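Hey, can you work out the whole structure from these sequences and the hints?
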Amino acid sequence: MRQNHENTGRPLDRRRFLTTAALGGATIVGASALGGLDADAAFAEPMPSLDPAITKSAFAEGRITRIKGSVLEVAGSYGDQHLIQLTNVTSIWKLRPTTADAVKVGDGLYARGVDMPDGTIAADAVWVNIVNLYVTIRGIAKDRLHFTHGSHETVGHVVPDTTTASYLGGALTPDLSRVRIGQAAQILGAWRPADDAIDIARVTVGH
Amino acid sequence: MIPVVSDLAPLVCAVLLAVTGAGKLFGRRTAQVAADTVLVRVLGDARRAALALRTIGGVEVALAAALLAAPTAVVPGAATAALGLGFTGYLGYARATAPESSCGCSAKQEGPIGLLSFSRAGLVVLGGAAAATADTSWWSRIADRPAVSTVFLVAATVVVGALTADLDRLWLLPLRRARIRLFGNPLPASAGPAGQVPVAASVELLERSLAWQAASPVVRSALLDSWDDEGWRVLRFAGVYEDMRGAHPVSVLFALDRTATIDTTENPAVRVSLIDDETEELVPADVLAPVPSRTALPLAT
Amino acid sequence: MACGSTALWAGETTWFCCGSSWGPCGSAGTGACGTCQSNAHQAAWPNTSAACFSITRPDLCGETIVQRACGSVMNVKHQCSGASVCVTVSDCGPRTQSFCGEATCCNGSCRTNRVIDLTPAAFSAIGNLSSGKLPVYIYE
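Chains as they are written, first to last, in UniProt numbering: chain A, 1 to 207; chain B, 1 to 301; chain C, 1 to 140.
Some hints here could point you the wrong way.
Stated by the list, open to error - A partial selection of chain B residues facing chain A, derived with a Cβ cut-off under 8 Å:
id	residue
1	D144
2	L182
3	N185
4	P188
5	A238
6	L282
Claimed, not checked - DEER-style ranges, computed between Cβ atoms:
id	chain 1	residue 1	chain 2	residue 2	range
7	C	E140	A	D13	48 to 56 Å
8	C	A103	B	D229	27 to 35 Å
9	B	A162	A	A141	19 to 27 Å
What the hints assert, rightly or not - According to the in silico footprint, chain B covers these stretches of chain A (three or more CB under 8 Å from chain B):
id	region
10	58 to 66
11	71 to 77
12	130 to 144
13	165 to 173
14	179 to 185
Everything labelled a hint here was simulated from the structure, so no lab data went into it. All values reported here derive from a predicted model rather than from experimental measurement. Quick reminder that beta carbons are idealized off the backbone N, C-alpha and C, glycines included.
This is the structure:
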């Protein structure tokens, strides 16, 4: 699977190191006698002030026009321009967590990060070609779904080992067989600029 | 050909061409539809594709007028059949080179090229061929044989309607549903080894756990990497924690039971650890936010 | 920022795109209020008008959602992490009726029904776009 992006020895050693560290010195949270927060009572309380770390975050959206090293030049949909700096701690999603090599000129993106003094955005997270469409399922085949999004007909490809489904709020499962024709669904996926189709990450259906 | 069919074919073809042609010629959304067709690739830009689509619309309307006015002439029928052949060729080319592009056929509904598009084009070829052999005008044929003509026109309307993308929800969806009922849902019931929990499901479980709540002031990225090790699923995120010496980048590692999902547990045990990216040392857990046990609960009165 | 702290509603949020954009979002338009854009902190509310309500029909899921007009300001808080974002109502949505009864939980405390939709800018400020939906509290 592409998700396990590096097949050289070193990253695996790194994983092994991290696993050992993670399991050895970890703090265990949850499944304890902590008792739950009375969430609804907390809701009725006045809101605490905003977390300053969140309000500091920057956001950018647009199509990638050029890739120069680890900097993405992005043309925003409102004529704005952004320079997105990818680092080795930037998470990159393109249908699944992936690496910078998967990002191509012409892709669309949403990025969250921090404004740098030089005008670039140091990205914490980048979602490439991600779409989240409200659709009606119009057809089902072995490897794809046909659906309408507004008046637009689109093909969504089922990607082995990646596409999942959630039924009425249930856990994400590789079982897609309960999707029905005529059903309303939310499709989270990666748009394919080459043919305007979508690779499906998850199908969420209601009742 | 059967006289009723060939004599009334000009009328049927004319109506079909007039509707689709006018749609392309005058439709406000033609430019938008054209942008999705393979014409863009052939002609180089969307404006020329729109112009081409409108020109074809004009030709269709002109042919419709000719078919109506001179039903017994060979030329309009032959031209219609030629147009249908042209459509078929265009669809074949588009299907081969850009299967998901829209056909732009009716200039209203967008959608990938499928069997319907080819059937419509085929109908134009057959209709054109039949029209070319008409030897009586459609109006005299209707006057002569009103009953048979009506039956034929109704049948033709049903066939044309069935092949129109706009009406397919009336019959195509029930048909597809019936097929699935008969032959089962073709989508995979499960991918990979049984019991395998997708990484997305583990992330979903994590993001709704106390551990996530505790780590959220530190976590900055979305999921960076994940792997399975000895029954654990390890999820790696990037984060930053601050102390008196400033901000430090850290790897935030969560380890959870790789078979757990939100269906199996509401409150998973998650191991959280922060590893300083520079020193590779474990960061003490007190940088994590207090979990709800330390949040003051409102007192019941 | 004039962003309220009085509890208004709670439920699930998803995200949607609107305004000028790329891909399938390009055809989304500027929404029911005519001002919607993906790169602004905005939201869709299921009851911006009677016409809107007749499409989203949250009442079919037992949600008697109050009407809030275009331009209303809300504070949306992620129930699990506590992160929050201030948004302006700029569209009608989500289609609550299509997902009646769907719940999203934090550590066992669940929010039911899709009651608000956020733009990518707003959603990514409190969660990850790849998560698709979040349980939230809404303040005004």
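In this structure, is the beta-carbon distance linking A103/C and D229/B contained in 27 to 35 Å? Given range 27 to 35 Å: holds, Cβ gap about 32 Å.
Are 3 or more residues of the region 165 to 173 of chain A near chain B, judged by a Cβ distance of less than 8 Å? That given contact holds, which follows from 4 residues of the region 165 to 173 of chain A lying within Cβ reach (below 8 Å) of chain B.
If you look at each residue in the region 179 to 185 of chain A, do at least three have a Cβ nearer than 8 Å to any Cβ of chain B? n = 4 at 8 Å, threshold three: holds.
Against chain A, with CB atoms and a cut of 8 Å, does the hint on L182/B hold up? This hint is violated: L182/B lies away from chain A, its Cβ roughly 13 Å from the closest one there, beyond 8 Å.
Holds or violated: the 48 to 56 Å window for the beta-carbon distance between E140/C and D13/A? For E140/C and D13/A the Cβ distance comes to about 52 Å; the hint holds.
Assertion that chain B covers the region 71 to 77 of chain A - criterion: three or more residues, beta-carbon distance below 8 Å: Three-residue rule not met by the region 71 to 77 of chain A, so violated; n is 0.
Hinted contact A238/B with chain A - closest CB pair below 8 Å: With a minimum Cβ separation of about 4 Å from chain A (threshold 8 Å), the hint on A238/B holds.
Can you tell me if the region 130 to 144 of chain A counts as covered by chain B, using C-beta to C-beta distances under 8 Å and a minimum of three residues? Contact hint for the region 130 to 144 of chain A vs chain B: holds, 5 residues under 8 Å.
Let me know if the C-beta of L282/B comes in closer than 8 Å to any C-beta of chain A, holds or violated. Cβ of L282/B sits 4 Å from chain A, so the hint holds.
Does the Cβ distance between A162/B and A141/A fall inside 19 to 27 Å? For A141/A against A162/B, whose Cβ atoms are near 21 Å apart, the range 19 to 27 Å holds.
Can the hint on D144/B be confirmed by a CB-to-CB distance to chain A that is less than 8 Å? Cβ of D144/B sits 43 Å from chain A, so the hint is violated.
Would the hint on P188/B be counted as holding, given a Cβ-Cβ threshold of 8 Å to chain A? holds (6 Å)
In summary, the numbered hints that this structure violates are 1, 2, 10 and 11.
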